[in-house]
Every structure is written in structure tokens, then in C-alpha cells.
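Undergrad: Sequence lines, in order, name chains V and C. For the first sequence, our numbering assigns the number 1 to the initial residue and increments by one for each residue that follows. For the second sequence, our numbering assigns the number 444 to the initial residue and increments by one for each residue that follows.
Among the clues, some could well be false.
[Claimed, not checked] Far from chain C by the CB rule (all over 12 Å, computed), these chain V residues: (1) Glu55; (2) Gln71; (3) Glu79; (4) Ser120; (5) Leu129; (6) Asn130; (7) Gln132; (8) Thr142; (9) Leu225; (10) Glu254; (11) Glu305; (12) Ala351; (13) Glu361; (14) Glu380; (15) Asn391.
[To be verified] Pairwise CB distance ranges, derived in the manner of DEER restraints: (16) Ile614(C) - Asn391(V): 48 to 56 Å; (17) Glu305(V) - Ile585(C): 36 to 44 Å; (18) Ile614(C) - Gly304(V): 32 to 40 Å; (19) Ser517(C) - Thr168(V): 55 to 63 Å; (20) Gly304(V) - Thr592(C): 28 to 36 Å; (21) Gly95(V) - Phe520(C): 18 to 26 Å; (22) Ser517(C) - Ser423(V): 30 to 38 Å; (23) Arg680(C) - Trp6(V): 51 to 59 Å; (24) Val754(C) - Pro339(V): 53 to 61 Å; (25) Phe634(C) - Glu139(V): 47 to 55 Å; (26) Gly123(V) - Val754(C): 55 to 63 Å.
[What the hints assert, rightly or not] Now the stretches of chain V that chain C is said to cover, found in silico as 3 or more residues with beta-carbon under 8 Å: (27) 261–270; (28) 408–414; (29) 418–429.
Hints were generated in silico from the structure; no laboratory data involved. Just so it is clear, CB atoms sit at the ideal spot from N, CA and C, and this is done for glycine as well.
Residues per chain, in single letters:
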Amino acid sequence: MRTHVWTTRLAFLVVAAMLAAACGNGGNGEGNGGGAGGDGEGGGTVSLLHGISGEEEQAALQQAVDAFQEQTGNTVEVEASPNFETVVVTRVQGGNPPDVALYPQPGLLERVSQDATPLSEAGVDVGALNDQLVPGMVETGTFDGTEYGVVVKVGFKSLLWTAGQRFTDAGYEVPETWDDLKSLTDQIAQDTPEPGRAPWCIGIESADATGWVATDWIEDIMLRLHGPDVYDQWVNHEIQFNSDEVRAAFEELEEIWFNEEYVVGGTTGILQTPFADAVQPMNQEEPGCFLHRQAGFIEGSFEGELGTEYDVAPLPGTESGPPPALFAGDLVAVHTDNPTAGEFVEFLLSAEGQEAWMGHEGAGSLSPRADFNPESYPSEALTRQGEIFANAEFARFDASDQMPAQVGTDAFWREVVAWLSGSQDLDATLTNIDNAWPEGGEE
Amino acid sequence: MGQLVSVLIAIALGVGGVMVLFWLLNRGTELLPETWEQRLKPYVFVGPALLVVGLFLLVPALLTLRNSFLDARSESFVGADNYQFLVTDPAMRTAIWNNLLWIIVVPAVSVAIGLAVAVLADKLKPRWENTSKSLIFLPMAISFVGASTIWGFVYAWRAPGTPQIGILNAIWQGLGGQPIAWLQSTAVNDFALMFIMIWLQAGFAMVLLSAAIKNVPEETLEAARIDGAKESQIFWRVVLPQIKSTVVVVGTTILILVLKVFDIVYVMTNGNYGTEVIANRFIKEMFTIGHFGRAAVIVVFLILVTIPFMVVNIRRFRAEEAMR
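My request is simple: use the sequences and hints to build the entire structure.
TA: Here it is, written out as C-alpha cells:
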């Protein structure tokens with residue numbers, strides 16, 4: 001008797017489940033790719049995974065995606081992941097990769113390059129790209145002689161932000177050389193003895209990425225002190241961190257960062273202030289600081305207008321004239337043999353794709369295309385950055401993003417933070433970073 | 444909508460499927476001759492669960508053990524290199540030292556606070572007892588990351604002379620001091636992080652210890668009072684020995700949890716300023732760096748360290764069951 005009751009219940013459950021399965025899946029909508037049905041042979045679907053955050057940036061990307069969908073009739077399923085680095089590796093190694101992915105670090109792409117499709121195999125015309133893009137954009141994503149990724153979006157980093165009118169009113173001038181920058185720092189320091197006011201606003205706190213702002217500074221200094229060849233040797237570990245050249249760069253940083261009078265809040269302030277909040281003192285009526293070095297995205301944290309409340313200038317080199325350019329960016333790579341993927345990649349790198357993406361109101365990046373008209377950028381600041389970038393003496397991708405992960409996203413950050421917090425000296429810091437370099441690499 | 448239906452189907456199929464499975468297995472054994480049926484039935488009922496445990500727990504554990512002897516991509520044998528890394532890498536040594544500190548401080552303080560609240564609340568009127576216990580227990584409902592975010596704001600630091608947004612520094616600066624960087628100062632940051640864990644776990648300790656205290660026979664307390672014992676003597680000499688096994692179980696449970704802690708450290712300091720812990724290193728090695736050999740060795744280490752405490756826990760559990 002009891003079995004009867006259970007059997008009936010069971011049967012009911014199973015039947016209900018089957019009914020639900022039959023009805024439920026029928027009404028499922030399509031992916032979140034937006035409208036399809038444009039002109040073009042289309043009909044293909046391609047999945048895109050990226051880690052770009054921020055409403056405006058994502059909207060800018062969506063504009064390029066929409067343009068692609070309209071023009072070709074293909075559908076793009078866009079997925080944004082706040083933990084992109086973790087998710088993409090898990091998916092790629094788990095056999096469920098996205099068709100296309102945007103990598104914020106070349107090192108990360110190199111790590112999964114075995115599971116990536118070389119761009120030429122995906123139908124991308126690499127030769128044409130070499131001609132159309134700024135030199136270095138394709139090389140950054142080339143590992144072992146094969147092109148796996150191309151820089152599709154550029155974050156220009158070597159910028160000096162000043163307090164605009166209030167800066168010039170106080171009698172200061174934009175420095176032409178690095179030494180001028182240091183004397184300017186000293187001058188402002190003498191004019192701002194009160195606590196809470198100093199020449200520089202610096203903040204590097206960034207949760208599990210704390211330290212990257214410091215490495216950006218060091219990379220900029222490396223480019224200026226030693227030039228591109230030494231920089232490349234440093235990236236490839238042909239010269240150690242504990243070498244005279246690199247040590248000199250760290251010591252330049254030390255001159256500004258470790259001087260309690262030069263930075264708002266001193267080294268504790270540097271370590272505890274989130275990088276996006278670092279410019280808050282400059283937004284006060286009477287500016288708490290006058291100088292800030294950061295990539296273009298920081299413009300969103302300033303209050304007021306470009307030219308009045310704040311201003312931007314190239315971070316000076318050691319001699320006057322066009323300085324070197326440090327940049328980062330996202331590389332686009334393909335993981336499957338979906339034919340639409342190659343089409344999508346080519347579109348993203350094309351003139352219209354770039355125009356739709358970088359020209360979007362509120363976007364904050366530069367285009368890797370050499371022929372991009374700087375006037376198309378949505379803001380005055382970006383136009384200026386575009387001009388600086390195009391005229392730079394030479395450009396290099398962020399070093400820590402190119403180094404192996406255990407150095408670039410672990411030891412380099414960690415040791416610099418320990419150095420800044422005063423718990424170890426420069427020697428130990430440099431040696432520790434060297435020790436973290438994986439053996440069996442290219443030496 | 445489609446997703447909701449899929450979830451319901453999954454639940455229905457999961458629950459229903461398991462029921463069907465057991466029903467079929469039961470029918471199957473019933474068809475056998477009597478002796479065989481009696482012999483096989485226990486295994487038949489435990490079998491599926493053992494299979495799942497074996498597949499999802501034992502096999503990965505063995506694979507991890509194997510990976511700990513392989514290189515970064517788990518391709519070639521490297522002998523004890525990863526084990527050498529475990530004991531020589533400075534970040535790992537800091538982590539192991541910190542974990543040691545954590546497992547000494549956190550279970551002890553959590554149990555102490557839980558015990559104190561349990562004993563004191565016991566003496567209140569029922570309504571106050573329930574209110575105070577609920578307040579202490581509430582933090583358990585918050586995730587580790589949520590708690591870290593909350594306390595991140597409590598510990599926040601701004602430059603001296605500027606408005607403080609962290610409550611601790613706001614009070615401290617208001618009283619005339621210089622704001623302290625709680626998460627950075629190596630003297631206090633470990634304890635600042637531990638306190639978050641204690642805040643989360645004291646409620647758990649309190650609930651179990653409160654039940655244990657209430658189980659202490661009233662006669663033993665009265666006998667002690669008649670003999671002229673003071674309240675504190677009653678607590679230390681009469682109550683505590685009788686709830687010893689609960690204290691041990693609670694302590695070891697919290698200890699095992701502490702060994703796994705990484706969210707708090709990850710969110711608040713990312714292991715900087717000397718706060719690194721083993722599980723955080725695991726996350727870095729596994730996901731940021733992608734060195735599977737080292738990640739595996741860290742897991743093996745954690746398992747080895749956890750085993751003694753699990754054994755103690757299970758022994759106490761069995762002893763309690765035997766007493767019933």
C-alpha cells in the first residue's frame with residue numbers, strides 16, 4: 001500500500017517535470033545581443049567575453065557591437081565579467097571558451113595562447129593591420145612568432161594632470177623636463193606647509209590589484225631615464241630588477257613618494273587612498289594638491305571643466321620635446337573556429353568600428369589606428385591625449401602586464417607595497433621581485 | 444522566466460530522480476533471496492552516496508596530491524620542488540605564520556566571548572535573553588565579503604587633518620589623536636582582521652555553548668551552591684567541565700573554518716602588510732598566476748593540517764553519541 005502512494009507521487013513528479021520541460025524551453029528569448037535582422041548575409045552568432053567595467057565604457061563597446069550587428073546581420077552575445085581574469089582562464093581551460101575575448105594583459109593572453117586561435121587562422125588580415133595600426137599594437141599580442149591578439153583599445157598613461165587655472169594663477173608652469181617637474185614639486189611644497197595640502201595627490205589602493213599605480217610610475221620613469229631598448233630588456237628579464245638601471249628608476253620614485261611634504265597624506269595616504277579617489281583634494285575650493293600622474297580614465301574623477309578646474313599635459317621626459325608614451329589596453333583574441341569571430345575582430349579594428357567605439361560620448365580610450373582623427377574623440381581631453389600619443393617619441397605597453405603573472409600581478413605589486421609601507425628596504429624589494437621570476441623562462 | 448522553469452525542473456528531476464533510484468534499488472534487492480537481501484541492503488542504500496563522495500571528494504583529492512608533484516601546467520614531474528617552495532618562499536612563510544596566529548587567537552576568543560554571552564544571558568529574563576542572543580548571532584547571517592566591506596569602512600583612513608570617514612579614526616581624531624591606518628600598521632592589522640572573524644563566529648559559539656550550558660543538570664549547580672561555592676567557582680569547576688566536549692567541538696569547528704579564511708584578507712588587504720594567509724596564496728597561485736603545482740601543494744598542506752582537528756572533532760562527536 002505504501003509503495004502505491006509513493007509510486008503515484010513519483011509518477012506525478014516525473015510527468016510534471018516532462019511537461020514543464022516541454023513548455024518552458026519553448027518560450028526562451030534570444031541572447032542579449034540586441035536586435036538582429038539588418039542587411040548583409042549574416043545570421044551567425046559570436047560570443048564576446050570582456051572585463052570592461054563602468055557604464056560609459058560598456059555603452060561605448062555596445063555601440064560598436066550594435067554597429068557590427070546592423071551592418072552584417074550577425075548576432076553578438078556580450079558578456080561582461082567583473083572577474084574576467086579568473087573566468088576566462090577557467091572557461092578556456094574547461095573547454096567552454098568564448099568565441100572572442102578582450103584581454104587587459106598580454107601576459108594573461110600568453111598564458112592561454114595554447115588554447116587560442118592564431119588570428120590569421122581566424123580569417124583576420126594581420127598584414128593589413130600592421131599597416132593600419134600604430135607600431136607595436138600587433139607585436140604586443142604576438143607570442144612565439146604567432147599573432148594571437150591585437151591591441152584594440154588604448155589607455156594612454158603618461159599624463160600629468162594639474163589644477164588648471166588655480167595652478168597657473170599660483171604662478172606655476174607646466175614642466176618641460178623631469179628635472180623641472182622635481183623643482184616644481186619642491187616649489188609647491190614650500191608654498192603648502194599646512195597639513196592636508198601638498199604638491200602631489202597619489203593614491204594606489206586597488207583591492208587585490210593594489211600596487212599597479214606605483215608600477216605605472218616606475219615604468220614611465222624607466223622609459224624616460226633609459227629609453228625603449230633597456231625597457232624591453234627589463235620586460236624580458238635580460239636585466240634584473242636589482243640592476244643599476246632599474247634601481248635608479250626606483251630611487252627617482254623614492255625622491256617624490258617618500259618625501260612626506262611632497263604627497264598628501266604621505267606614504268600611508270598613498271597606500272590607503274583608493275586610486276580613483278586620489279584626486280579629491282584637487283577638487284576642493286582651495287586645491288589640496290596641484291599635480292597628479294594617471295592615465296586618461298581619471299578625468300571622470302575631476303570636478304569642473306578641462307582648462308579651468310583641471311588640465312592635462314604630457315608627463316615630461318628627461319629632455320624637452322616629445323616624451324615617451326606608456327600605454328595599456330585591451331587585446332582582442334579568438335578562441336574558437338567560429339567564422340563570424342574573425343569578421344567581428346576585423347570590424348572592431350576597422351575605421352567604422354573604432355569610430356563607433358572610441359567616439360562614443362563618455363568613452364575614455366584612444367584608438368590603436370594610426371589614421372584615427374583625434375577630433376572624433378568625445379572630449380577635449382581625449383583629443384589632446386590622442387595628439388600626444390600620436391606624437392610620442394616612442395610607445396611601449398605597460399611592462400607589468402607583459403611580465404609573467406607571478407611577477408607582474410603578484411611580486412612586483414606586493415614588494416612595492418611592502419617597500420612603501422616601510423617594512424623592507426629597496427634592496428630586499430628588488431631582490432624579492434627577481435626571485436619571483438619563474439625559472440625555465442627565456443634567459 | 445525560462446531560467447526559473449529550468450531551476451524548478453532541475454530540482455524536480457534531482458529530487459525525483461534520487462527517489463526513483465532508491466526505489467528501484469530497493470525493488471531490486473527485494474527480488475533476491477532473503478540472505479542476500481539482508482547482506483546487500485545496507486550497501487545498496489549507502490552505495491550511491493559513497494559513489495558521489497568518492498567521485499567528487501576523493502578523486503579530486505588524489506588528483507591534487509598527484510598535481511603537487513607536477514609542474515605549473517601539471518605536465519611534468521618535478522619531485523619535491525613545490526614542497527620546497529612551500530617552506531622557503533617568503534610569502535608562504537608569512538602566510539603560515541599568520542595562519543598559526545589566527546588559529547591560536549580566533550577560536551579561543553570566539554569561544555570565550557560565546558561562553559561569556561551564553562552564561563550571562565542565561566541569567567537574564569527570557570525576553571532579554573533572546574534579544575541579546577539574537578544580536579550576537581546576527582552577524583552570522585552576513586557573508587565574509589559583506590562583513591569585510593562593512594569593517595573596511597569602520598577601519599578607513601584618511602589623511603590627518605581631513606574628515607575621517609572611518610568610525611574608529613573619526614572617534615580617535617575627535618579625541619585629538621592622529622588617524623591610525625588599522626589595516627596597514629603591522630602591529631594591529633592582523634588583529635583587526637581577526638576581529639572580523641571573531642565577530643562573525645562568536646554567535647555560532649554562543650548558540651552551541653548556550654544549549655550545552657542549559658543541559659547541565661540543575662542538581663549539580665544546587666549541590667555546589669549548598670556547599671557554599673561562589674558563582675565564579677560554580678562556573679569554572681562545575682559548569683565548564685561538564686560542557687567540555689561542546690567547547691572542544693565548537694573550538695575545532697571554528698579552527699577548521701579559520702584555516703580556510705581568505706575572503707577577509709583578500710578583500711581588506713589582499714595579503715599586503717604582512718597579513719597574508721595560506722588560502723589567499725592558494726587563490727593567487729591558482730587563478731592569478733596559474734601555477735597548478737604550487738596551488739596543489741598548498742591544498743595538500745591545508746588538508747594535512749586539518750586532519751588532526753577533524754579527528755578530534757569526530758572522536759568527541761562519537762563520544763557524545765555513545766553517551767546518549
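Undergrad: Compare the structure with each hint and give your call.
TA: Here is how each hint holds up against the structure:
Listed as a non-interface residue, Glu55(V) keeps its Cβ farther than 12 Å from every Cβ of chain C; the least gap is roughly 21 Å. With 12 Å as the threshold on Cβ separation, the claim that Gln71(V) sits away from chain C holds: the shortest Cβ distance comes to roughly 30 Å. Every Cβ of chain C is farther than 12 Å from the Cβ of Glu79(V); the closest lies at roughly 15 Å, confirming the non-interface assignment. Every Cβ of chain C is farther than 12 Å from the Cβ of Ser120(V); the closest lies at roughly 25 Å, confirming the non-interface assignment.
For Leu129(V), the shortest C-beta to C-beta distance to chain C comes to about 28 Å, beyond the 12 Å cut-off, and the non-interface label holds. The Cβ of Asn130(V) lies farther than 12 Å from every Cβ of chain C, with a closest approach of about 30 Å, so its non-interface assignment holds. Every beta carbon of chain C lies more than 12 Å from that of Gln132(V), the smallest distance being close to 33 Å; the non-interface claim holds. Every C-beta of chain C lies more than 12 Å from that of Thr142(V), the closest at about 20 Å, which supports listing it as non-interface.
For Leu225(V), the shortest C-beta to C-beta distance to chain C comes to about 27 Å, beyond the 12 Å cut-off, and the non-interface label holds. The Cβ of Glu254(V) sits about 19 Å from the closest Cβ of chain C, beyond the 12 Å cut-off, so the non-interface label holds. Consistency note on Glu305(V): stated as away from chain C, and its beta-carbon is indeed over 12 Å from all of that chain's, at 25 Å minimum. With a cut of 12 Å on Cβ distances, Ala351(V) stays outside the contact zone with chain C, its closest approach being about 36 Å.
Distance to chain C confirms Glu361(V) as a non-interface residue, since its nearest Cβ pair spans about 32 Å, more than 12 Å. Interface exclusion of Glu380(V) from chain C stands, the closest Cβ pair being 30 Å apart, more than 12 Å. Chain C leaves Asn391(V) outside its interface by the beta-carbon criterion, the shortest separation being 36 Å against a cut-off of 12 Å. A beta carbon spacing of about 52 Å between Ile614(C) and Asn391(V) agrees with the range 48 to 56 Å that was offered as a hint.
The hinted range of 36 to 44 Å is satisfied by Glu305(V) and Ile585(C), whose Cβ atoms lie roughly 43 Å apart. Hint check: Ile614(C) to Gly304(V), Cβ distance near 34 Å, so the stated range 32 to 40 Å holds. Between Ser517(C) and Thr168(V) the C-beta distance comes to about 60 Å, which sits within the given range of 55 to 63 Å. Distance hint for Gly304(V) and Thr592(C): a CB-CB separation of about 31 Å, consistent with the stated range 28 to 36 Å.
Here the CB-CB span from Gly95(V) to Phe520(C) is close to 25 Å, well matched to the stated 18 to 26 Å. Restraint check, Ser517(C) to Ser423(V): a C-beta distance of roughly 35 Å satisfies the suggested window 30 to 38 Å. At roughly 55 Å, the beta carbons of Arg680(C) and Trp6(V) sit within the given window of 51 to 59 Å. Distance hint for Val754(C) and Pro339(V): a CB-CB separation of about 58 Å, consistent with the stated range 53 to 61 Å.
As the Cβ distance of Phe634(C) to Glu139(V) is approximately 49 Å, the hint placing it in 47 to 55 Å holds. Distance hint check for Gly123(V) and Val754(C): the Cβ-Cβ separation is about 60 Å, which falls inside the suggested range of 55 to 63 Å. By the rule of at least three residues with a Cβ nearer than 8 Å to a Cβ of chain C, the coverage given for the region 261–270 of chain V holds, with 5 such residues. Taking a C-beta to C-beta cut-off of 8 Å, the region 408–414 of chain V contributes 3 residues in contact with chain C, enough for the three needed, and the coverage statement holds.
Counting residues of the region 418–429 of chain V whose beta-carbon sits less than 8 Å from any beta-carbon of chain C gives 3, enough to reach three: the coverage restraint holds.
When the structure is compared with the earlier hints, no violation turns up for any of them.
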